[in-house]
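Use the sequences and the hints to build the structure in full.
Protein chains in written order, with numbering that gives the first Met the number 0: chain A, 0 to 196; chain B, 0 to 222; chain C, 0 to 206.
FYI, nobody ran anything at the bench for these hints, they're computed from the structure. Cβ coordinates follow ideal geometry from the N, Cα and C atoms, glycine included. Honestly, I wouldn't trust all of these hints.
To be verified - Partial chain A-side listing against chain C, Cβ under 10 Å, derived: (1) Asn22; (2) Phe29; (3) Ser52; (4) Ile76; (5) Val80; (6) Ile117; (7) Leu122; (8) Gln160; (9) Ala163; (10) Lys167; (11) Thr179; (12) Gly180; (13) Leu187.
Said to hold, decoys possible - List of simulated lysine-lysine pairs, DSSO-like, C-alpha gap at most 30 Å: (14) Lys63/A - Lys137/B; (15) Lys175/B - Lys158/B; (16) Lys170/B - Lys63/A; (17) Lys213/B - Lys102/B; (18) Lys57/B - Lys205/B; (19) Lys158/B - Lys88/B; (20) Lys36/B - Lys63/A; (21) Lys170/B - Lys137/B; (22) Lys167/A - Lys16/C; (23) Lys205/B - Lys88/B.
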Amino acid sequence: MNAINPLTLFFAAIFTNNILLTNFLGLCPFLSISKEKKSAMGMGAAVVFVMASTTILNNLIYYKLLLPLGLEYFRYIVFIVVIAAFVQLVEMMVERFFPPLYYVLGIFLPLITVNCAIFGASLFMVIRGYDLMQSLAYGAGSGIGWWMAIMAVSTIREKLQKSANLPKGLEGPAITLIITGLLSLAFLAFSGMIRVQ
Amino acid sequence: MVSGEEEEGPGMTKQLQSVVYMFLISLFFASLVSAVKYLSEERIASNQAIKLQRIVLKVLDIPVGKNISEDRISSLFTERVKDIQVGEKTLYVGYEEDGRTIKGYAFPVGGPGFWGPIHGMVGVNPEATKLLGIAFTKHSETPGLGGRITEDWFLTQFKGLPIHPIEGDQKIFYLKPAGTTTAANELDAITGATNTSSAVEAFLNKDLDHFLIKLWRSVEDRK
Amino acid sequence: MPNLPQKKEIFLTGLWKDNPVLRQILGICSTLAVTNLMVNTLVMDAGLIFTVCMSSLTVSLLRHYTPMRIRMMVQTLIIASYVIIVDILIKAYLPEISEALGPYVALIITNCIIMGRCEAFARNNPPVASLIDGLGMSVGYSLVLIVIAFVREPLGFGTLMGIRVMSEGFVQWTVMIMAPGAFFTLGILVWIMKYFLPNTKTGEEKT
Chain A
0 MNAINPLTLF FAAIFTNNIL LTNFLGLCPF LSISKEKKSA MGMGAAVVFV
50 MASTTILNNL IYYKLLLPLG LEYFRYIVFI VVIAAFVQLV EMMVERFFPP
100 LYYVLGIFLP LITVNCAIFG ASLFMVIRGY DLMQSLAYGA GSGIGWWMAI
150 MAVSTIREKL QKSANLPKGL EGPAITLIIT GLLSLAFLAF SGMIRVQ
Chain B
0 MVSGEEEEGP GMTKQLQSVV YMFLISLFFA SLVSAVKYLS EERIASNQAI
50 KLQRIVLKVL DIPVGKNISE DRISSLFTER VKDIQVGEKT LYVGYEEDGR
100 TIKGYAFPVG GPGFWGPIHG MVGVNPEATK LLGIAFTKHS ETPGLGGRIT
150 EDWFLTQFKG LPIHPIEGDQ KIFYLKPAGT TTAANELDAI TGATNTSSAV
200 EAFLNKDLDH FLIKLWRSVE DRK
Chain C
0 MPNLPQKKEI FLTGLWKDNP VLRQILGICS TLAVTNLMVN TLVMDAGLIF
50 TVCMSSLTVS LLRHYTPMRI RMMVQTLIIA SYVIIVDILI KAYLPEISEA
100 LGPYVALIIT NCIIMGRCEA FARNNPPVAS LIDGLGMSVG YSLVLIVIAF
150 VREPLGFGTL MGIRVMSEGF VQWTVMIMAP GAFFTLGILV WIMKYFLPNT
200 KTGEEKT
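Written as structure tokens, this is what we have:
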């Protein structure tokens, strides 16, 4: 088990171990959504919520159910099903009880199910042996880190679109990857900031 | 899946069909996966055992040889190493080829790394005055950075390192940036992996000190 | 046979014109994560080829029986099962590599390429064609990863498959081992690809 302070973990997940800029997770929706700030906002918020919740849920299921029964090798299937079911549930609830929110967020929810960051967060949670509080800190922090990354990239892309003259070949995914690379490089500067000891 | 209206009659059967289908498919694949798991279990367990044996032999500086077979590792381990329980911990006692003179002791070490727990094994000489060797068995550090703690150049630095219980704030050893080491107890850290290096320095010092203060007494008593 | 040229066409599309990584921009996560070492790349490639082919084949074989509504759940179940099998096999027969790859084998499940092929091809096409489509896409993916690893490992570590290839005095480009190097290399490759095929749309622009 880990002795890392959940608060430290929270900040580490945002800055030094950013799930997107360091672990490369959650890139596919990232590349298509990051075109405008508004969709980035919506997707980011949804990701934070789903990531935090499912990391906690999966932690409970893994330690209270799968391990005691010796079924931990089914965890991949179980985690994915939990994530899919949770997203489905949230979608239904949001649609029924918060219709205005649904119109902003709703379309992103199905996309989240295949967001490898969400699944990845649960996987890392198991590998690193996080307990409940740590899982919450890690899940929420990773979600926020993802949100920050996508906001930063989408803002830069919007600006580029208006002002820069990009070579034809760079437009679209190529320049997004390079921007993300530069952002990842910048985030490396945070490395000394958090003492995870 | 949409929470819409289903038609009566044929709609109901369709839903039932879906459920039955899902159930059958799940059953089939669950069985397939379980079968593969069952068939590989022994192999995986033996991999773990061989890995442990290989590591213990390595840190005790008992030569294993390059392309040695797994059976050979097992028999070498049985010949040369005995394990004893000291309280909750397992200690490995290594013997010279005569089978009676003690070559050294090996014990597991571990602590939080940068990303996740790091587990390793340390070997000390019979008088517990210096390190025979060290190896890491499990870690989640960044490949190519923190992950380099498993590389030979890093591990061999520890061979022959004098060890003593910690007095005040004088650690047993320090990991300093490569090229800045001056004293005999300063070793090269991993460039670009400051966090992993400090984590290793921290838990390794602590575990060595713990061994010397707490466990060494019991071992000496047994002699 | 009227089908035969078609099959070759299917295979080649996955390699070049519709390359999943450089054209459809799918499966990026694992592409960036494992390509700092060639040996990890090769194992990942093997794992992906197996999973894509088996999944596409299975989905295609079951396509007439699977109810429309639950097809995504069924596909996920199939993919996850094969990935678990691959994971267990690597753990049993290549234990050191299994530790090095860590969670990235499990992440094959969320690799958009597999789900993408099941949805776009396997559920509407016969088994052999689906298998070839899967093979083409996964080999296309593998080739791209090998190229990236070819750049990243020598520049970042000075080795290739663990064997030293750069001269002794070579100062390693540590940035290549880490995240930024991966992003840059892939970005440049996508750019180069677009140069060769300027008029067709990449995956992102299709949405």
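Checked hints:
The beta carbon of asparagine 22/A is positioned within 10 Å of a beta carbon in chain C (closest approach about 7 Å), and the interface hint is therefore held. Because the closest C-beta pair between phenylalanine 29/A and chain C is about 9 Å apart, less than 10 Å, the hint holds. Hint status for serine 52/A: violated, given a least beta-carbon distance of 18 Å to chain C, over 10 Å. For isoleucine 76/A, the interface hint holds, since its Cβ comes within 10 Å of a Cβ in chain C; the closest pair sits about 5 Å apart.
Checking valine 80/A against chain C by beta carbon gives a least distance of about 8 Å; that is within 10 Å, so the hint holds. For isoleucine 117/A, the interface hint holds, since its Cβ comes within 10 Å of a Cβ in chain C; the closest pair sits about 8 Å apart. Given hint, leucine 122/A at the interface with chain C, holds; its Cβ is 4 Å from that chain's nearest Cβ, closer than 10 Å. Violation of the interface hint for glutamine 160/A is found here, the shortest Cβ-Cβ separation to chain C being roughly 14 Å, above the 10 Å cut-off.
Taking 10 Å as the C-beta contact cut-off toward chain C, the hint placing alanine 163/A at the interface is violated, the least distance being around 15 Å. Against a cut-off of 10 Å between C-beta atoms, the interface hint on lysine 167/A holds, since the closest Cβ of chain C lies about 6 Å away. The beta carbon of threonine 179/A is positioned within 10 Å of a beta carbon in chain C (closest approach about 5 Å), and the interface hint is therefore held. A least Cβ separation of about 3 Å between glycine 180/A and chain C falls short of the 10 Å threshold, and the interface hint therefore holds.
Look at leucine 187/A: its Cβ gets to within about 7 Å of chain C, closer than 10 Å, so that hint holds up. Between lysine 63/A and lysine 137/B the alpha-carbon distance is near 24 Å, which keeps this suggested pair within the 30 Å criterion. For a cut-off of 30 Å, the pair hint linking lysine 175/B to lysine 158/B stands: about 17 Å separates their Cα positions. This hinted pair does not check out: lysine 170/B and lysine 63/A have alpha carbons roughly 40 Å apart, beyond 30 Å.
The hinted pair formed by lysine 213/B and lysine 102/B meets the criterion: a straight-line CA distance of about 21 Å does not exceed 30 Å. At roughly 22 Å between alpha-carbon atoms, lysine 57/B and lysine 205/B fall within 30 Å of each other, so this suggested pair holds. Of the supplied pair hints, the one linking lysine 158/B and lysine 88/B holds, its CA atoms being roughly 23 Å apart against a limit of 30 Å. With a C-alpha separation of about 22 Å, the suggested pairing of lysine 36/B with lysine 63/A holds against the 30 Å cut-off.
Restraint check: the Cα-Cα separation between lysine 170/B and lysine 137/B comes to about 24 Å, which is no more than 30 Å; the hinted pair holds. At most 30 Å may separate the alpha-carbon atoms for a hinted pair to count; lysine 167/A and lysine 16/C meet this at roughly 18 Å. Between lysine 205/B and lysine 88/B the alpha-carbon distance is near 15 Å, which keeps this suggested pair within the 30 Å criterion.
The structure fails to meet hints 3, 8, 9, 16 from the earlier list, while all remaining hints are met.
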